[in-house]
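For reference, the chains in residue letters:
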Amino acid sequence: MVEYPSRAPDQLDQIFAAVADPTRRTILDVLARGPAKVTEIARPFPVSLNAISKHIKTLERAGLIRREVVGREHFCHLEPRALHRARSWLEHHREFWETRLDALERHIAAKRKRDHGDGRPSGRRAHTPSRRP
Amino acid sequence: MATGEERQDMLVVRRVIRASREEVFAAWIDPESMRDWM
Chain R
-6 MVEYPSRAPD QLDQIFAAVA DPTRRTILDV LARGPAKVTE IARPFPVSLN
44 AISKHIKTLE RAGLIRREVV GREHFCHLEP RALHRARSWL EHHREFWETR
94 LDALERHIAA KRKRDHGDGR PSGRRAHTPS RRP
Chain L
3 MATGEERQDM LVVRRVIRAS REEVFAAWID PESMRDWM
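Sequences listed follow chains R and L, in order. Okay, so the first sequence: first residue is -6 according to the working numbering, each after it adds one. Okay, so the second sequence: first residue is 3 according to the working numbering, each after it adds one.
It cannot be assumed that every hint is accurate.
[To be verified] Here are the simulated distance ranges between beta carbons: (1) L/Asp32 with R/Gly110: 16 to 24 angstroms; (2) R/Arg59 with L/Asp32: 48 to 56 angstroms; (3) L/Asp32 with R/Arg36: 53 to 61 angstroms; (4) R/His70 with L/Glu34: 16 to 24 angstroms; (5) R/Gly27 with L/Glu24: 28 to 36 angstroms; (6) L/Met40 with R/Trp82: 51 to 59 angstroms; (7) L/Asp32 with R/Thr92: 47 to 55 angstroms.
Since the hints were derived computationally from the structure, they do not count as laboratory data. Even glycine gets a Cβ: it sits at the ideal position worked out from N, Cα and C.
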């Protein structure tokens, strides 16, 4: 049996909260192309520089970006390690449930074969998915 | 992944199983079955 922590670690909370906002995701997309000044990041957005600064602070707190001060300019850099942590967490849960749900499907097929001697779904019509999510 | 009605701090895993709802429900709640697949 798997033991789940009562809640996700704080950094993961901050990472997922940070990437839940579309403006912050766009900022990460911009920084994926390379470091940029805060004023450059803010330019395409129809919001104030102050609002973008708040978004940048949220991304910084989550460890997703790093700010470098050069003279009067503030350069932002993407910090991919934080995203890797989020991806690892998601991947762990995806694998866990994929394995269990594969086993559930096999279990149902085996039980059906034992009960009815065929592999066809019993009861109401089964779903026939065109794709697996 | 999550709809507006779901809690925001909830991870939702969706999977379509090639079986009837009754078969899935029975396997999901039966402790003996769970030992096999969980």
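Against the structure, the hints:
no., hint, in the structure
1, L/Asp32 with R/Gly110: 16 to 24 angstroms, "holds (21 angstroms)"
2, R/Arg59 with L/Asp32: 48 to 56 angstroms, "holds (51 angstroms)"
3, L/Asp32 with R/Arg36: 53 to 61 angstroms, "holds (59 angstroms)"
4, R/His70 with L/Glu34: 16 to 24 angstroms, "violated (54 angstroms)"
5, R/Gly27 with L/Glu24: 28 to 36 angstroms, "violated (55 angstroms)"
6, L/Met40 with R/Trp82: 51 to 59 angstroms, "violated (21 angstroms)"
7, L/Asp32 with R/Thr92: 47 to 55 angstroms, "violated (19 angstroms)"
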